[in-house]
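J.: In this text, residue positions in the sequence shown follow the UniProt record's numbering: the first is 1, and each later residue adds one.
Any given hint could turn out to be false.
[What the hints assert, rightly or not] Okay, derived cross-link-like pairs now, DSS-like style, lysine-lysine, Cα gap no bigger than 27 Å in a straight line: (1) K41 / K51; (2) K35 / K57; (3) K51 / K38; (4) K16 / K38; (5) K55 / K38.
It is worth saying that the hints were derived from the structure and are not from the lab.
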Amino acid sequence: MRDFEELGDCDSITRKAVMDFSYYISVANMEEAFKAIKSIKNEAVWKSLAKMCVKTKQLNMALLCLGHMKQANAARALREAMQNDTLNLEAQVGILAVELGLYVSC
Numbered sequence: 001m002r003d004f005e006e007l008g009d010c011d012s013i014t015r016k017a018v019m020d021f022s023y024y025i026s027v028a029n030m031e032e033a034f035k036a037i038k039s040i041k042n043e044a045v046w047k048s049l050a051k052m053c054v055k056t057k058q059l060n061m062a063l064l065c066l067g068h069m070k071q072a073n074a075a076r077a078l079r080e081a082m083q084n085d086t087l088n089l090e091a092q093v094g095i096l097a098v099e100l101g102l103y104v105s106c
């Protein structure tokens with residue numbers, strides 16, 4: 001479960017919140033996914049959640065994660081990509097991935 005490697009020694013409440021988020025985002029229940037994570041304060045956890053958003057292509061939830069990570073520039077880039085009608089979903093997800101550093105250097 002590589003999605004949870006960065007969580008380290010989180011408390012059981014945070015661990016349960018992340019597991020619930022992972023489940024709810026996989027079944028596209030954004031309301032419950034948001035409820036599951038609203039109390040998380042750890043930026044490393046938010047980064048892990050943002051990476052899950054790349055895999056599940058949940059850009060609105062990724063914006064929330066970027067905000068909690070205090071990554072205003074990344075949030076702005078993603079928001080602009082989401083508003084750009086010429087970019088398809090894959091390109092928008094690609095922009096999110098680049099902002100999170102999830103690319104292989106050539």
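J.: For every hint, state whether the structure bears it out.
T.: Verification of the supplied hints:
1. For a cut-off of 27 Å, the pair hint linking K41 to K51 stands: about 17 Å separates their Cα positions.
2. Proximity of K35 to K57 is assessed by CA-CA distance (about 19 Å); at most 27 Å being required, the pair is judged to hold.
3. Distance hint between K51 and K38 is fulfilled; the C-alpha atoms sit about 17 Å from each other, no more than 27 Å.
4. Only pairs whose Cα atoms come within 27 Å are accepted, and K16 paired with K38 is accepted, the gap being roughly 12 Å.
5. For the hint pairing K55 with K38, the CA-to-CA distance comes to about 20 Å; that is within 27 Å, so the pair holds.
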